[in-house]
Structures are given as structure tokens and as C-alpha cells.
Amino acid sequence: MSSAEIPDIRAYLPELILLIWASATLILDLLLRRQQKLAITGFCFLGVTAALLSCIPLAGTTLTTFSGMYVLDGFSLFFKVLFLLVAALTILISPRYLVIEDIPVGEYYSLILFSTIGMMMMAAGVDLLAIYIGLELMSLAIYALAGFVKRDPKSIEAALKYFLMGSFSSGILLYGLALLYGLTGSTQLAVMAEQVMVAGPNPALILAIVMLVGGFGFKIAAVPFHMWAPDVYEGAPHSVVGFISVGSKAAAFAGLMRIFLVALEPSKAQWEPLLWAVSILSMLVGTLVAVAQSNIKRMLAYSSIASAGYMLIGVVTGTDIGLASVLVYAMAYVFMNVGAFALVVLLCRRGERGDTIEEFTGLARVSPVASASLVIFFLSLTGIPPTAGFVGKFYLFASAIQAGYIGLAVVGVISSAISLYYYFSVVMQMYMQEAPKEHGLSPTPGLAAALILMVAGTLIFGIFPGPLINAAQAAVAIFLP
Amino acid sequence: MIAPQALGGFPILSLTLFMPLIGALIIIFAFRREQTQAIKNFAFVITLIDFLVSLPILLAFDTSTHQFQFVEQAPWIDAIGVEYFLGVDGISLLLVFLTTLLGAIAVICSFTAIEEREKEYYFSLLFLQTGMLGVFMALDFFLFYVFWEIMLVPMYFLIGIWGGPRKLYAAIKFFLYTLFGSVFMLLAILAIYFMHYNQTGVLTFNFLELLKTNIDPTHQIWLFLAFFLAFAIKVPMFPFHTWLPDAHVEAPTAGSVILAGVLLKMGTYGFVRFSLALFPVASQTFIPLMAFLAIVGIIYGALVAMAQPDLKKLVAYSSVSHLGFVMLGIFTMTPEGVQGAILQMINHGLSTGALFLIVGMVYERRHTRLIVDYGGLAKQMPVFATLFAITMFSSIGLPGLNGFIGEFLILVGAFRTNYIWAGFAVLGIILGAAYMLWAFQRVMFGELDKPENTRISDCNGREVAYMVPIVILMIWIGVYPKPYLRSMEASVSYWLNHVQQASVHRDASAKALLPSVVPLQANPVADASGKEE
Numbered sequence: 002m003s004s005a006e007i008p009d010i011r012a013y014l015p016e017l018i019l020l021i022w023a024s025a026t027l028i029l030d031l032l033l034r035r036q037q038k039l040a041i042t043g044f045c046f047l048g049v050t051a052a053l054l055s056c057i058p059l060a061g062t063t064l065t066t067f068s069g070m071y072v073l074d075g076f077s078l079f080f081k082v083l084f085l086l087v088a089a090l091t092i093l094i095s096p097r098y099l100v101i102e103d104i105p106v107g108e109y110y111s112l113i114l115f116s117t118i119g120m121m122m123m124a125a126g127v128d129l130l131a132i133y134i135g136l137e138l139m140s141l142a143i144y145a146l147a148g149f150v151k152r153d154p155k156s157i158e159a160a161l162k163y164f165l166m167g168s169f170s171s172g173i174l175l176y177g178l179a180l181l182y183g184l185t186g187s188t189q190l191a192v193m194a195e196q197v198m199v200a201g202p203n204p205a206l207i208l209a210i211v212m213l214v215g216g217f218g219f220k221i222a223a224v225p226f227h228m229w230a231p232d233v234y235e236g237a238p239h240s241v242v243g244f245i246s247v248g249s250k251a252a253a254f255a256g257l258m259r260i261f262l263v264a265l266e267p268s269k270a271q272w273e274p275l276l277w278a279v280s281i282l283s284m285l286v287g288t289l290v291a292v293a294q295s296n297i298k299r300m301l302a303y304s305s306i307a308s309a310g311y312m313l314i315g316v317v318t319g320t321d322i323g324l325a326s327v328l329v330y331a332m333a334y335v336f337m338n339v340g341a342f343a344l345v346v347l348l349c350r351r352g353e354r355g356d357t358i359e360e361f362t363g364l365a366r367v368s369p370v371a372s373a374s375l376v377i378f379f380l381s382l383t384g385i386p387p388t389a390g391f392v393g394k395f396y397l398f399a400s401a402i403q404a405g406y407i408g409l410a411v412v413g414v415i416s417s418a419i420s421l422y423y424y425f426s427v428v429m430q431m432y433m434q435e436a437p438k439e440h441g442l443s444p445t446p447g448l449a450a451a452l453i454l455m456v457a458g459t460l461i462f463g464i465f466p467g468p469l470i471n472a473a474q475a476a477v478a479i480f481l482p
Numbered sequence: 012m013i014a015p016q017a018l019g020g021f022p023i024l025s026l027t028l029f030m031p032l033i034g035a036l037i038i039i040f041a042f043r044r045e046q047t048q049a050i051k052n053f054a055f056v057i058t059l060i061d062f063l064v065s066l067p068i069l070l071a072f073d074t075s076t077h078q079f080q081f082v083e084q085a086p087w088i089d090a091i092g093v094e095y096f097l098g099v100d101g102i103s104l105l106l107v108f109l110t111t112l113l114g115a116i117a118v119i120c121s122f123t124a125i126e127e128r129e130k131e132y133y134f135s136l137l138f139l140q141t142g143m144l145g146v147f148m149a150l151d152f153f154l155f156y157v158f159w160e161i162m163l164v165p166m167y168f169l170i171g172i173w174g175g176p177r178k179l180y181a182a183i184k185f186f187l188y189t190l191f192g193s194v195f196m197l198l199a200i201l202a203i204y205f206m207h208y209n210q211t212g213v214l215t216f217n218f219l220e221l222l223k224t225n226i227d228p229t230h231q232i233w234l235f236l237a238f239f240l241a242f243a244i245k246v247p248m249f250p251f252h253t254w255l256p257d258a259h260v261e262a263p264t265a266g267s268v269i270l271a272g273v274l275l276k277m278g279t280y281g282f283v284r285f286s287l288a289l290f291p292v293a294s295q296t297f298i299p300l301m302a303f304l305a306i307v308g309i310i311y312g313a314l315v316a317m318a319q320p321d322l323k324k325l326v327a328y329s330s331v332s333h334l335g336f337v338m339l340g341i342f343t344m345t346p347e348g349v350q351g352a353i354l355q356m357i358n359h360g361l362s363t364g365a366l367f368l369i370v371g372m373v374y375e376r377r378h379t380r381l382i383v384d385y386g387g388l389a390k391q392m393p394v395f396a397t398l399f400a401i402t403m404f405s406s407i408g409l410p411g412l413n414g415f416i417g418e419f420l421i422l423v424g425a426f427r428t429n430y431i432w433a434g435f436a437v438l439g440i441i442l443g444a445a446y447m448l449w450a451f452q453r454v455m456f457g458e459l460d461k462p463e464n465t466r467i468s469d470c471n472g473r474e475v476a477y478m479v480p481i482v483i484l485m486i487w488i489g490v491y492p493k494p495y496l497r498s499m500e501a502s503v504s505y506w507l508n509h510v511q512q513a514s515v516h517r518d519a520s521a522k523a524l525l526p527s528v529v530p531l532q533a534n535p536v537a538d539a540s541g542k543e544e
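Quick note, the sequences are listed as chains A and B, same order. Numbering-wise (my numbering), the first sequence opens with residue 2 and increments by one. Numbering-wise (my numbering), the second sequence opens with residue 12 and increments by one.
Heads up, some of the hints might be wrong.
[Said to hold, decoys possible] Which stretches of chain A does chain B cover? Using the computed rule of at least three CB atoms under 8 Å from a CB of chain B, they are:
{"id": "1", "segment": "84 to 90"}
{"id": "2", "segment": "248 to 254"}
{"id": "3", "segment": "422 to 435"}
{"id": "4", "segment": "458 to 467"}
These are computed hints drawn from the structure, not numbers from a lab. All residues carry an ideal CB built from backbone N, CA and C; glycine is no exception.
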């Protein structure tokens, strides 16, 4: 074996750091006494920060390693930074909630780290195996995280439901991948693309595409594979829902883009109508059903289904703007969606789940800062300037207009306008109704810092999106001729 | 298209634009909730300075050219060709002035009317002012859209928190309606952006660059309709007006003043600035439809206003009628009509703004807006009666006051285009006089038979102080409108010529679509400046 085959550490440096940290967390958890365990929060935050810092020198580097299975490129690095941000924010907002719900700290944080590693593998894999292993690592950790509030039957139900349906969808995905392998004789995406080109459209390929759309559609929570999302979001611990909705969705998009835009690029004519329909359905169903929700986590679940629809617009158009806009929106989604869930965490207190919309009644009087933050996140989710969410949607719709998908753009803007109604029904509760009772809000320093970060991110990327757009355009250059 | 720098290149537009926003941020971060008096004073000082800062724009404005003046241009988001690009011309100049004037008045009229959550209130009011000024100043479509949308947020809170009994419904209805319209405009903007890109290879949202885009008539129709939806909802034109009575009636006085005075003008401004300029062929095609909707609005608004028992609702519906005049003036596509329309935007801002202030004054004293609860107030409140009378006469277009000049010009334009339109417009004026005079009579004259009204106090110094500037302007414009008309003359002629020429030049066959258009009388000023291009 020549020295050239020793895997280049730069390709998986952040993953490696997280892996070491996650293992150390498990050991540390054994060593610490019960009262000291919250120190793990800081320890894990440090680890994620270290991994984030390790990304800085990697910018601009492109290399392939592990016998061509794993790459470092702009695309994978963009997503790695995104996942690490989600993980960092999730860690910051968690500690008080963990105490309230009596969740084992060490396992919780190490599972978040392991799941993040899985997400990063999905973004960096250019081989079906690497992508699938990443997907399973991410999913298994999240199944467990969803069920961490052991005394709450809803949490258990969420975990079980997510696990059963998730395994089923993974099976379907795996079957699709196997079919693809059978057709092309390779698991490497680039090689598969050549074979798909040669083979041309055939029934087996179409079957594989349908299964892949189903498998990834489940992970990104797109209609009609979305059924799990509201129940899981509602039941899972408040502090990980943001992680699930943003992280696993973005990771699935990364994997989906790698497979569809590289391996299946030659048969775009076959998968494009499918994703088009999924996109339209997700936007419409997500938006319309969200209007009827009285639980804010279910409402955000449906809004996240709609978001999957918006992001699919960019994949369907497949232009430079379209693909970049998926990344821009995903990054905006980190700040605004984790931010919205952070507010739910803030409202939670012992004995109260704090996740119905009535809980927000009169919040503006009690905590003007928290309320104003939520207004900013909701403006961003609706797509009103000057927020990152506006830039993301603007860019997505721009790609649809440019590529001539007027239908996608029209459905997109209509559902955005409707979404204002349900987001602002919460705002109405906060600002325009009197509080019936006292809210016992006591934000931890971490939660406060996370809120400031997310508000700043939402506004700064909304007012000065230039660097984000440039980074996203550079990242998707690999998919373009 | 861009005039040489005036005022030594001082960024006076940016200063005017962002001063309220900076003031709003200072209110949020530097004041405590309990310092209500300090917050009020500070907000007023900020808006007053903002008004004073905007005066040099008016004074240094060169009326001999249609070009954009005081222009500020800097790259903002290079990646997608967005610029920070501000400028005013004869079309937007007076609207900027109106906004800063009404902004200050809106603050001072709220001093006693708003008694809770003052900090948020004045923050919203100031924030709103930056949004509105931005709409009138922005010459980059992205920037324009940002301001266009951003301004909905403070208005939503103004209606929703400090509004009347049905405030929640009114607030979300206002927000949803206007957002629904504007998202289609966003798609149309993007479509033009990419058409321009395909033709030139340049990505830009610069309005003056996008103007050069060659848009074929079929696309013009669709894009015009998309813009139409945004602007017609804002104006509001019949049948998109249903949000307006709710929003106006439920909003606090200052909110109604701003809504009627400035917000509605964004729609009419949008038609003049963007729809006509970008889609000349489609604009001409849609003249009959637009005139029809405008006339329906005029008559319908007036009839519904006549039937209102609630004074504020009456004023709200009168806006539908008055804005119908503005739309009619624009789509006569004659210099008189369009000049009259722009002047009427200002007039409506002054007179309807003042009417809402007046309704606010009696409401503050009696906590009712029903006309039947009043009667005979003239004896009790002589100063108030005088102010009300002048305002009402201004609103119905009495010669000698501002409303007359605007309506007269619009009528001239309408007569030159189609005398049937003019006939309906005259009918609208008569109806307008009828409902206003009738309402005035019921409120002010007759017996002072309600015991509650005998204790009612006349206007105080503060109320007189904020009404006086409006009254002065009403009389000034009514007696000597020349400087106002002069300020917009060059721009109006230039843009009308642009519409005419572009549509003739681009598609000779489009003429077949335009049976009702009378040739334009070229304005010498515009010709001279047009040749410089």
C-alpha cells in the first residue's frame, strides 16, 4: 500500500474531532457526579467550537480520499459548518431543559455529537456506502434523542414512531440504492453517472429513482412522506426538535443533491417531475395544515414540511442560482428555525410542556426581548425582509423564475403569504392579548447567547447576504458543468 | 437620468431616510419603559428634525429637469446585482415631503391618545417612517421591495396593539392582503431581472437599467397584472379595498393618518413610477379597465361613505373615492391628469390626514365616533369648527383650497381623454360634497342636545399647532399651486413621453390596441431634457 492511500486527515478533521469528543463525553459522564454533569454542556460546546475552527483552514481545499469515497470540497465544508452551527446552538439551548425534564446529560450530548458526525458524512460522501452509513448514524442517534423524556408517553411514542417509520424508509432507500448498484455496477457516484448515461431510462432505474425519492422524502419531511414529522416534533424533547428539523433535513438535502445531481444527473428528465410534484405538495399541504395547529411544535413541523418544499424548488431548477439557493435557505433555516424552537425551550418549565400557542399569550409584557426575537424568526420564516429567510426564499423563487418554473414560484409565494397567518397568530398572542398568568422565564446564559447569535445571524445574513451567497455559489460549483 | 450632485454631494436622502430608524433604535435601547414623557418628546424631536432635514431637498430641487436628484448609489449585494440606490424626482419629491410632515404630526397627535406601551408605540411609528420614505426614494428594485415589505410590520403592530375593538382582525387582514399582493410583484420583478440578464448579461436590480429591458407586449400584460395586484391592493382600488375600512377604523389616530396620508400613496406612486415606465404598452392596453375600476371606486366609495353612521368609517370610504380620482388622473395619461393625480395624492394626504386627526380629537373627548352622538358642536368648539370646516372644504374640492386644484386638473385630463369618464368623475365630486357636508352638518350644527357634548372642550394648543401647518398648506396649494405643479412638470412630461414613445417604438401594431388615447402634448421642458439623454 503506497503512502498516497493513507487517508488525508483534512478530509475528515471536523468529524474526527467530534468523534474523539463524543467518546470522551461518554467517559466523562461516568466520572462526574450527578450534580456536576451539566459541566458536560461546556465540554461539548468546546468540542463543537474546536471542530468549527478546524474548518477554517480547510476552506478552498479540494481533495478525495478513502479510495474515492470521501471528499473535502466547498459543498461538504459548507454543510459541515452548517451542521456544527446547529449542534452548537442546540447545545447552548439545552441545559435548563435537560434539568427540567430530567434527561441524562452525557448520553444526550454524545448522541448529538454522533448524529452530527453522521450528518457530516452524508455531505462529504461521494459513494453510496458512505452516504448511507452517514444517514444511519445520524438517524439512529436521533431516534434515541426523540425518546429522551421517558416519563412523557408522547416522547416515547415519538421515538417509536420515528424509529419504525424511519427504519422502513431507510429500507426503501437502501433498496433503491441496491437497484442503482445493480444497474451501474458501482457505488461511486461519478462512475454511476456514466453508467446511467449509457443505460438510459429503463424501468429498473425509474423504480430506483422512485425509491430514492421516497427515502430522502422521508428524511427531509416532504409530502407525501411527512406523516411522522408532526408527531415526532410534538413528542420529542423541545431542545432537539430544532436539531432534528434543521440538521437532519439539511443533511438529507446534502445527500439527495449528491446522488441526484451527480449519479442520476443523466436521467434528470425522469426524477425532475417527481421532485416538482413533491415540492408543490409539500408547500401546499405544509402551509395549509399548519394554519389549523394549536400546538406550536406541530405548527412548526408543518412549516418545516413547507420548507422542504421550498428547498426542493432549487433542486428541481438545477441552475447555479437554484442549487446555491438551497444552501442559502438551509443556512438561514439554521438561525430562524432553531431560534423558534429555542423560544419553546424557554417557555418550558417544570410540569408544563409550554408548547401550545396559548402559552405565548402576553409574553411581550413579560419578556420583550424573547418576544421580539420570535417576531424576527417568524418574519424570517415567512420571508419578509430584511431577514435571512427573505434572502433564501427570494433566491429560491428567483431560480424558479429564471428556469421557467412559474408554477413553483407562484405556489411558493402564495404559501409564503399564507404562512404569515399562522406565524403571526403566535405574534398576536404575544403582543395583543393580556397575559392570564405569570411566565416563569429564566433563560440560562447559554440560551441567551444562542438567542443573540440567532437573531444576529437572521438579521446580518438578511441585510448583508453577499458572503453567504458567494459561499453557496462556490459550494455548488461542483454540480455545474 | 441622474442629475449632477446638489448640496455638495451631501447624503441628504440617507440622512432623512435613516434618522427615524436611528431614533427608533435609540428609543428601544436608551429609554426605560417608564420614561414616557421623555420618549414622546424624543420621538417628536426626531421627526421634527427629520422634517427640517427634508426641507433642503425641497428647496434645492431643480424643477427644470426630470432627472433623479440627490442621487446616492453604492453597491450593496454584489453577488446578485443589488445596489443601495436612492434618488428623488418630480414624482417622488412631494411625497417625501408629505411623509416627513405627516410623520411629525403623527407623533405629536398621539401624545394623549396613546397611554400604554408608549415605548413600543413610538418605536413602531418611527420605524414605519423609515420604511415609507424608503419606498419613495429607492431606485433599486430590491431595495424598494425591502422597504415596501418592511413597512407592513410596524403598521401591523400599530393597528394590532393600539387599535380599536376589532384590531386583531383588522391588523392581520391588512398584513395578509398587502403581503399577498406584493409577493406577485416580487415574482414580476424577478422576471424583469432575468429578462434584462438574458438581453445584456448583466445582473442588476437598478430600476434605470431595467427600464432599458425590451419586454414584449405579451409579457408586459402579465407583468403589469402582477404589479397591478400589489399596487391596486395598496391604493386600494375597487374591488381590492375591503381591508381599508377595517384597518382605518381600527387603527389609532396616528395610524389612520399615516395609512391614509402616506401608505395608500405607495400604490398610486407605484403605478406612476413603475407600471407606466416599465410596461408602457400594457399600461395603454389596460387604460379602459383601469379607468373603469377607478370610476367604480369613486362612485362606490362615495355612496358607501354617505351611508356610514361612524365618522371614521365615513372618512375611510371617502379615501376609496378620492384614490379613485388619483387613479383616473394617472390613467388619463395626459400631463394635466397625471400632474393632477400627483398633486391629489398630496392633497388627499393633507385633507384626509387632517380629517382623521379631527375624528381623533372628538373621539379622545367623547370616546364615540358615531355621528348621531354629536350635533351642535360648533357652538361649543369654535376653533375646532373652523379647522374642521377648512379641512372638509379642502376634501370636497372647494375652489381656493388644495383639493380643487387636483380635482380640476384630473377633470381636465379626463375630459381630454373621454368625456364619459369626466362625467362620472363630476358625479363623484358632487356625491363627495354631499356626504361631507351632510356629516359636517350633523356633527357641528343643530341643537347641542346631548348633555355629554356640553362639557366638551375646544382644541388645545397642541392640537391647533399640528393642524396649522396642514391648513397653511391647504390654502397655499389652493391659492398658489404653481411651485408644486412646477416641481413635477418636467418629470411627468418626460415619463408620459416615455410611455408614448416606448409603446410606439416597440410595437407599431400596439397602436391598434389604443383607440382611446389622445396624442400627448409634448412639454418643451421635457423635450429639452429628453434630448440630453
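**Message:** Taking the earlier hints as the rules, which of them does this structure contradict?
**Reply:** 1, 2
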